[in-house]
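Protein chains in written order, with full-length UniProt numbering: chain A, 1 to 381; chain B, 1 to 383; chain C, 1 to 102; chain D, 1 to 172; chain E, 1 to 217.
Among the hints, erroneous ones may be present.
[As the list claims (entries may be wrong)] Simulated crosslink set (PhoX-like; lysine-lysine; CA at most 25 angstroms straight-line): (1) E:LYS90 with B:LYS59; (2) E:LYS40 with B:LYS183; (3) D:LYS116 with B:LYS363; (4) A:LYS54 with E:LYS90; (5) E:LYS164 with E:LYS90; (6) A:LYS54 with E:LYS35; (7) B:LYS304 with E:LYS23; (8) B:LYS304 with E:LYS35.
Read the hints as simulated data drawn from the structure, not as lab findings.
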Amino acid sequence: MDQLFVHIDQAIIHWAQAVLPDWMAVIVAMKIPIVAIAIFGPVTMMYLTLIERKLLARIQNRFGPNRVGKFGLLQPLADGVKMLTKEDIVPEKADKIAHLLAPILIVIPALLVFAVLPFGRNMIAVDLNIGVLFFLAMSGTTTLFIFTAAWASHNKFSLLGGMRSVAQMISYEIPFVLSVVPVLVVVGSFSTVAIVEAQPGLHWFVFTPWGAVGFFIFFICAVAEVNRTPFDLPEAESELVAGFHTEYSGMKFALFYMAEFMNVFTVSALVATVFLGGWQGPILPSWVWFLLKTYTLILIMMWFRGTFPRLRADQLMGFAWKFLLELTFVNIIVAAIWYEMRSPLNHLTAAAILIVTIIVLFQFNKTEIPKKRIYKYAYAD
Amino acid sequence: MMEHTLISKPDFDTQTLEVSLGPQHPSTHGVFRMNVVLDGETIVKLKPVMGYLHRNHEKLAENMSYLGSMPYTDRLDYICSMTNNFAYALAVEKLAGIEVPERAQYIRIIMAELTRLVNHTLLIGFLLNDLGAFFTPVLYAFREREKILDLFEEVAGSRMMCNYFRFGGVKADLTPDFLPRVKELIQNYPRFLDEFEALLSENEILMARTQKVGVLPKELAVSASITGPMLRASGVPYDIRKVDHYSLYDRFKFRVPIGEHGDVYDRYYIRVLEMRESIKILDQAVKEIPSGDVISKVGAGFAKAPRNFKPKAGEAYGRIEAPKGELGFFVVSDGTNKPYRYHVRAPSFINLTILEDMCLGHKVPDAIIILGSIDIVLGEVDR
Amino acid sequence: MIPLHHILFFSSTLFCIGLFGALSRRHVVGILISVEIMLNAANVNLVAFSRWTGLIPVNAQVFAIFIITLAAAAAAVALAIVLTIYRNRKTIYTNEIDLLKW
Amino acid sequence: MEVLTAISKVGIYVIFGVTLLGAMMAVTLRNIFHAALSLALTLIGVAAVFFVLRAEFLGAVQILLYVGGIMILVIFTVMLTTRIGDRTIPTSNHQQWPVLIGALLLLLYFVRMIGKTPWSIKSELAVVSAVQIGKSLVSTFIFPFELTAVILVAILIGTVILAKSDEGEEKS
Amino acid sequence: MFGIGVLKGMAVTFKNFVESYYKKERLTTIEYPEKRLAEKERFRNFPFLIFDEKPEDPRCVACDICAKECPPQCITIVRAQDAQGKPLKKPATFDIDYSICMNCGVCEEVCPFDAIFMDHEFELAEYGRFEDLNYTIDRLLKPKEHFMKIRPTDATRIEAELKKKENAKKAAAEKAAAAAKAKAEAAKTQASQVPDTKPETKPNEPAQPADPPAEAK
């Protein structure tokens with residue numbers, strides 16, 4: 001069961017070698033993972049939208065889409081058709097080329113990043129030896145394309161949304177990148193497969209002290225990187241109407257939507273790979289473990305969306321620069337110390353240092369942490 | 001130095017940005033526009049623009065019999081139609097000197113307090129919606145509001161446009177299973193409130209977003225004749241139920257919560273505490289409600305034939321503690337069956353006048369939640 | 001694989017395009033863009049040599065990394081200067097910024 | 001199998017072509033916003049060239065730093081300095097043609113010089129991994145590494161002061 | 001920054017999520033077209049006219065009180081006339097413009113003849129905006145039984161009152177008839193002093209079938 005997809009892959013390659021000329025067979029062999037990702041990406045995106053709507057509905061005690069298809073299962077298809085048939089309005093004074101280019105440019109990195117994720121034991125599209133760095137580089141480029149979308153649609157609201165989103169993405173990119181460094185220091189290589197192999201059985205990194213803190217920071221920054229509540233400032237409906245994608249409709253809006261949800265999947269997949277031991281797990285086949293962990297993280301992100309109000313721009317920045325960044329630096333040092341020392345002593349020292357830093361950071365941010373209030377009553381009879 | 005002839009004239013010279021939020025905007029509670037001048041993200045100038053929902057309510061009332069404009073008062077503050085009827089009925093009864101039997105007074109108080117629960121629950125839901133919580137609090141609020149609206153429909157015939165009050169009492173008596181259902185509601189509501197508070201009150205993001213935002217100082221509140229929860233959140237203990245003792249409010253024991261900072265968080269939390277007090281009033285009212293007829297003989301006659309209800313010439317101003325503030329009706333009669341002058345003192349309109357003073361220096365998202373915390377309904381603002 | 005001199009042709013053309021841009025652009029940011037292109041051309045050269053001829057291939061790549069970081073730093077300062085020029089003189093066209101003091 | 005190598009060779013030349021096209025657009029387009037975008041295209045093209053030359057670490061760093069960092073700076077400056085609805089004016093000043101000729105001459109000289117010099121090509125092509133770069137950065141190149149760190153901090157402070165002080169001055 | 005309050009909030013939403021699967025009072029959505037909510041008795045939607053036996057003679061006597069009292073003035077009545085042009089106690093046309101009516105129930109209260117009541121029917125979508133929603137008399141008329149079906153308590157109360165008025169009218173009619181007969185006999189006895197014939201048929205004399213003179217009301 002574990003190597004199911006790998007056997008399918010081999011079978012296709014054997015069939016291709018038997019039938020096609022050899023160079024064609026090699027091309028087919030290369031193309032299988034690409035086709036798999038090209039199907040897997042959009043399909044996950046479609047069904048993630050459905051899962052999100054169903055989950056949020058249940059949190060709010062209502063049913064969620066159940067009219068189209070048996071339990072609303074065909075709803076994503078209906079949305080897709082609607083998006084395709086909707087008229088595509090381009091504002092008259094907008095920058096036509098950039099307006100068209102932005103959604104395409106945003107989807108490319110979202111798809112490219114799938115190549116680096118280890119879906120299961122030797123089920124990875126391209127085993128780059130700079131896997132994680134490639135992922136971070138790709139997610140870095142989305143900032144630029146979001147801003148082109150905002151600037152090209154030539155409207156005040158999207159401009160404000162664009163500026164906010166760039167500021168947020170940059171200030172969360174640094175803790176995002178640096179919180180992975182401890183894992184790289186301990187594993188010694190960028191490649192995602194190596195990282196997963198370094199967490200055999202149940203020795204996931206999340207159970208080490210620096211791993212827990214790293215997981216917390218990495219997950220928070222991942223939520224911010226993907227612009228989801230409580231950091232969904234750029235497309236804050238209540239203030240900026242729809243942030244940078246106000247002026248998009250029809251298929252272009254669908255592309256933004258697709259990119260957002262694919263990012264949600266890939267980012268939680270990376271968090272699962274780096275901190276929760278990718279496809280490592282006791283009994284179940286490897287790819288089941290991988291999907292299980294990724295989907296729990298996605299459900300947590302959706303749970304956030306159902307519960308939290310939005311952070312204001314300056315609080316959001318303050319949280320990144322004045323809390324997360326310092327914690328990441330200390331985390332790197334603690335990981336190094338943990339790596340050097342042996343036996344249980346390292347866990348204790350690492351945990352001690354981390355707790356001290358968290359307390360100290362809380363003291364520094366005292367002014368911002370709100371206090372509970374008690375209220376008195378008049379006319380108390 | 002010699003001024004160069006510049007090729008391109010910059011229009012970004014003062015770095016300020018003129019943005020108009022509304023009238024077609026997802027979070028302005030109806031058709032209300034704010035012309036905001038922004039420097040970066042902080043608000044430099046804010047001009048509210050109203051009047052999109054003006055329906056000429058007061059001129060209409062002058063060409064209609066007194067009872068004819070009672071259904072129109074439901075449309076003033078379309079969330080609490082019962083309290084609008086209550087205030088109008090009080091004003092006309094003061095004008096014409098009509099007595100109201102005890103049972104009718106109790107029914108009126110029960111309806112008023114139920115409307116207060118509906119209004120405050122809805123407001124907290126929409127305030128959280130402006131803060132960005134994606135519809136979860138609103139839908140919890142709607143789930144509870146449904147129970148109360150079912151009670152209204154059972155008694156008055158319509159969920160939101162009740163048209164239930166008549167001069168001298170109420171249109172019809174309570175249905176047999178109205179009181180048991182109110183008792184059951186009184187049991188469950190505190191449990192819902194505790195769950196609502198657990199979700200919201202200690203939520204750090206909410207506290208961070210709303211504390212010290214949109215502070216309304218006590219003096220400004222009093223001088224701008226602000227009334228209702230906004231005034232009490234700024235620390236002024238003024239509640240018309242306790243000041244005027246209208247209807248039978250002095251028979252019930254209840255307290256009035258007071259805030260000190262007067263910011264958005266206080267206004268939110270005062271409304272939660274007020275809901276708990278309303279439940280106490282409902283509890284006592286449901287226990288002590290006497291039997292008897294629900295409308296005085298005189299009132300029933302006029303309800304049957306409103307055209308020959310000719311109060312003697314004179315004027316009267318009846319006011320109540322509506323969920324949004326002091327809702328008053330000023331009625332002037334010249335002896336005919338049509339009022340000579342009819343004016344509504346709308347609380348949200350007057351509370352809206354100081355929106356700019358509270359928003360200066362804040363960011364755009366803060367202006368949205370300050371507007372949300374004032375609790376305006378455009379039907380009442382524009383009349 | 002392709003021979004070394006093809007890559008060198010590519011990087012030199014890239015360099016010349018950057019040079020042309022740097023010298024003929026009227027918009028200050030345009031000039032900065034061209035300078036970035038010239039730096040990239042140099043990087044390509046370095047990497048090509050490290051791959052084909054370099055004695056210690058690592059040095060060239062480390063050198064390329066230093067160039068990238070310092071290019072980033074230079075770009076940051078340059079753009080800050082451009083902003084201040086714009087704020088004081090309301091223009092970012094090179095032929096209008098010809099006074100040493102304002 | 002030679003079909004595959006032919007395809008990959010064509011692929012490399014396509015990357016070269018796209019990068020050069022991007023560079024030319026970046027240099028000649030009138031609308032500065034489009035020029036910035038084509039610069040992004042050039043940078044990504046150069047990163048692709050690094051990948052082709054088996055320098056993945058450098059390619060990833062290039063994308064991370066250049067496209068993720070410097071491009072944002074360029075776009076921000078472009079946004080802050082142009083007016084919405086600003087009509088584009090001729091981009092190049094009068095020295096356009098002489099510079100073009102000079103650049104072409106220089107290019108010709110480069111090409112001739114590259115063609116003539118006998119490159120001492122090693123037998124097997126070197127591949128450098130991220131670990132090697134990391135180690136050498138901290139061992140042989142420790143001094144430049146620290147120096148760059150100092151320079152970066154200085155620049156950080158400098159830029160903030162440059163941009164910030166005017167902000168304050170303008171206000172008073 | 002992230003403290004306990006945030007976790008408590010998430011616990012609440014999780015509880016809601018889980019309970020909405022098995023707790024009845026959590027999940028209150030009713031899937032409208034298939035399942036419907038029980039209608040409240042006093043629910044008032046648009047008004048309708050009521051007729052006792054035949055749709056030709058509705059209870060409404062075209063007294064125009066409801067048209068005058070209606071706040072948005074959406075009722076227009078034209079009184080019927082017989083051949084010679086004498087106005088009759090029946091409306092020729094009685095139309096309510098449903099697009100203007102705000103179902104406030106004032107017409108039901110002020111109608112002295114209990115002829116107009118508020119209906120429970122709310123699925124009234126039409127295609128045209130102007131004429132379609134202007135309900136004429138034939139679309140407004142509904143039998144007494146419909147009123148009894150939708151509003152039992154009010155219907156019984158009103159039927160009782162009508163019955164009482166009916167009996168009072170009949171009794172008054174009989175009294176008047178008896179008085180007239182007594183007067184006639186007195187006149188006859190005075191004139192002929194003939195022994196008065198026992199009108200044994202009087203007690204079980206059937207009520208005149210003709211409709212009682214209206215002015216007795």
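Comparing the hints with the structure gives:
1. Of the supplied pair hints, the one linking LYS90 (chain E) and LYS59 (chain B) is violated, its CA atoms being roughly 35 angstroms apart against a limit of 25 angstroms.
2. About 19 angstroms separates the Cα atoms of LYS40 (chain E) and LYS183 (chain B), which keeps this hinted pair within 25 angstroms; it holds.
3. The hinted pair formed by LYS116 (chain D) and LYS363 (chain B) fails the criterion: a straight-line CA distance of about 65 angstroms is larger than 25 angstroms.
4. For the suggested pair LYS54 (chain A) and LYS90 (chain E), the alpha carbons sit about 58 angstroms apart, so the restraint of at most 25 angstroms is broken.
5. Restraint check: the Cα-Cα separation between LYS164 (chain E) and LYS90 (chain E) comes to about 23 angstroms, which is no more than 25 angstroms; the hinted pair holds.
6. Of the pairs offered as hints, the one joining LYS54 (chain A) and LYS35 (chain E) holds, with about 21 angstroms between alpha carbons and a cut-off of 25 angstroms not exceeded.
7. A C-alpha spacing of about 47 angstroms is found between LYS304 (chain B) and LYS23 (chain E), which places the hinted pair above 25 angstroms, so the restraint is violated.
8. A threshold of 25 angstroms between alpha carbons decides the hint, and for LYS304 (chain B) with LYS35 (chain E) the separation of about 38 angstroms lies outside it, so the pair is violated.
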